[in-house]
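A.B. asks: Under the numbering used here, the first residue of the sequence shown is numbered 155, with each subsequent residue one higher.
None of these hints come from the bench; they were simulated from the model.
Any given hint could turn out to be false.
As the list claims (entries may be wrong) - When the alpha-carbon atoms are kept at most 27 angstroms apart in a straight line, the in silico DSS-like pairs for lysine-lysine are as follows:
1. Lys272 <-> Lys236
2. Lys226 <-> Lys178
3. Lys178 <-> Lys236
4. Lys236 <-> Lys179
5. Lys236 <-> Lys258
6. Lys157 <-> Lys226
7. Lys157 <-> Lys220
8. Lys258 <-> Lys275
9. Lys289 <-> Lys220
10. Lys289 <-> Lys226
11. Lys220 <-> Lys180
12. Lys272 <-> Lys258
13. Lys289 <-> Lys275
14. Lys226 <-> Lys179
15. Lys157 <-> Lys258
16. Lys236 <-> Lys289
17. Lys266 <-> Lys226
18. Lys236 <-> Lys226
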Amino acid sequence: MSKIIRFGISLDGDLSRRFNARLKKKGYSNRSEAIRDLIRQDLVDQEWHEGHEVAGAVTLIYDHHKRELLNKITDTQHDFQKAILSAQHIHLDHHNCLEIIAVKGNPIEVSKLADMLKAVKGVRHTTLSMSTTGKEVA
């Protein structure tokens, strides 16, 4: 484990007040952990922009009664099988399904997969949540 380094920062009074209120609302016990999380998020964002390997999930909500929809979703997933780790299909009700696709790979490819699934007629909502694989960020 690396050595802890302490440093000071200066903030405008209003910014400090707003930050402290946000920390309290999110349940942080101290500013240090919140600042560490902000730094980690910035480093993860940098990984995405530099093309480092990412991990994440594509989440779809769709009407499974829509003609050919499942075939189009499956065909798209087959086209991106190198980036897909697994998929989970959940029946929300008689009409709506939730599909969670675990992904790992190049952020451009993962984003392209999410965009292609989002564009399939009958898909009601799609989100992409990308994170780090942990190799670059401590």
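A.B. asks: Which numbered hints turn out to be false for this structure?
C.D. replies: The structure conflicts with hints 2, 3, 4, 6, 7, 9, 10, 11, 13, 14 and 15, although it agrees with all the remaining ones.
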